[in-house]
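Engineer: Sequence:
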Amino acid sequence: MGKNKMKINLFRDKNQKGIWQFSSYLLPIVDQCKLSLNEGGTSEVALTENLILKREDQNPTGSLKDRGMAYLISRAFQDGVKSIVISSSGNAAISAASYCHLAKIKLTVFVSPKINQEKLAEINKREVEVIQNLRPLSEAVKFAKNNNLYYLRPSLSEFGPEGYQAIAFELAEKQGLVEDIFIPVSSGVALIGIAKGFKKVGFLPRLHVCQPSAICPISKEFDRAYRPEENNPADGIVARFSPLKDQVVSLIKESLGTGWVIGEEEIKKNQSVLKEKGIETSNEGALAFAGMEKAKTNPPAGGQKLGKTVILLTGRKYE
Numbered sequence: 001m002g003k004n005k006m007k008i009n010l011f012r013d014k015n016q017k018g019i020w021q022f023s024s025y026l027l028p029i030v031d032q033c034k035l036s037l038n039e040g041g042t043s044e045v046a047l048t049e050n051l052i053l054k055r056e057d058q059n060p061t062g063s064l065k066d067r068g069m070a071y072l073i074s075r076a077f078q079d080g081v082k083s084i085v086i087s088s089s090g091n092a093a094i095s096a097a098s099y100c101h102l103a104k105i106k107l108t109v110f111v112s113p114k115i116n117q118e119k120l121a122e123i124n125k126r127e128v129e130v131i132q133n134l135r136p137l138s139e140a141v142k143f144a145k146n147n148n149l150y151y152l153r154p155s156l157s158e159f160g161p162e163g164y165q166a167i168a169f170e171l172a173e174k175q176g177l178v179e180d181i182f183i184p185v186s187s188g189v190a191l192i193g194i195a196k197g198f199k200k201v202g203f204l205p206r207l208h209v210c211q212p213s214a215i216c217p218i219s220k221e222f223d224r225a226y227r228p229e230e231n232n233p234a235d236g237i238v239a240r241f242s243p244l245k246d247q248v249v250s251l252i253k254e255s256l257g258t259g260w261v262i263g264e265e266e267i268k269k270n271q272s273v274l275k276e277k278g279i280e281t282s283n284e285g286a287l288a289f290a291g292m293e294k295a296k297t298n299p300p301a302g303g304q305k306l307g308k309t310v311i312l313l314t315g316r317k318y319e
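By UniProt numbering, the letter at position 82 of the sequence shown is numbered 82, and the numbering carries on one by one without gaps.
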C-alpha cells in the first residue's frame, strides 16, 4: 500500500449529523445547540487515481459555507444571540439564513447592488432582511453597532475556521495522504480551517491558493507574472483585503505550497473542461481547476511535481 493510500481512521459520532459527527475534534458546543442541515459528506470524484474533485457544491445550500455557518450560527445560538448582521457576496448569506432559521435567529444581510441576481433571489426566498448598499461591509458594521446587534464576519471570528476542518477529516478518511490541495480563496477563512483539520490528522498537504487576476491579494505574493484584469468571473471572491492574509501566507509557506493567479479566459476555458466531464459547478471551482493545470505546466521554481491532488469545488453554479 502506497503512502497516499494509507488508512486513516477518525472517530465519528454516528448519533450526530453533519459536521457534528466530528464533534470530538471541534471546540465544544452543547448538543441542544448543534444546528445541522446534514452538511458535509460531499462526494469525491476521481478523475484519475491521483486527481480528486471534492464536490462542496453538493452541500445543502450549495456551497462549502454550510460547514462554516453550521458551527458559527450554533455558537451564536449557544451564546443566546437573537439577531445577526452580516455582509455577503451571496453564498454566506444563503447559508447563514438557513441556519438562522433553524435557531429562530433574525438575520439582516447587507449586499452590493452588483450581487449575482440568482444568489440574491435565493437569499430573498429566506426569512431575512436584505439591504443593498454600495459599501455593504462597512455599512453592516455601522448598522450592527448602531442597533447593538451581533455582527458576524467569519474572517474576524476565532470560530470562523472551525467547521471547515471537517473537509480535511473527510478527505483524510477517504483519500489517505493528500499531497496537494487547490482552494479558491477570498478571505482565507476556509483554508485556515482546512489546514487546521489536516494538522489534527497529522499531516499538511501543499496548500495552493487560487485567485482571479482581478482580485488576488494573496496569490500575487507567490505568482507575480500575471496581467491584472478588470472583470472577475469568480464573483464569490471579493476580498481585496483580508485580515487573515498574513496567516494564510504563513500556512502556504509552512506547507511548501504556493499561490496561483488565474486570468478570466483560463477560468472560462476550465469551466468548459469541467462541463465536458459532466461537472456543473461555480467559476470558483473552475478557477481552482485552472490553478491545478497551471501548476502542472508551470511548476514553481524548486517546487515538487503534484502528488495526490484534491481540487475544491466550493459552490454550485449560478448564471
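Honestly, the hints are just simulated from the structure, not real lab data.
There could be a bad hint or two in this list.
[Said to hold, decoys possible] Cross-link-like lysine-lysine pairs, in silico, BS3-like; alpha carbons within 27 Å at most:
1) K82 / K17
2) K245 / K142
3) K174 / K200
[To be verified] Per label pair, the in silico range of CB-to-CB distance:
4) E127 / N9: 37 to 43 Å
5) L156 / R224: 27 to 33 Å
6) N124 / R12: 34 to 40 Å
7) N231 / E254: 30 to 36 Å
8) R227 / G202: 38 to 44 Å
9) A121 / R12: 41 to 47 Å
All C-beta atoms in this analysis are idealised placements derived from N, C-alpha and C, irrespective of residue type, glycine included.
Engineer: Taking the numbered hints from earlier one at a time, note which ones the structure violates and give those numbers from smallest to largest.
Structural biologist: The structure conflicts with hint 9 only, although it agrees with all the remaining ones.
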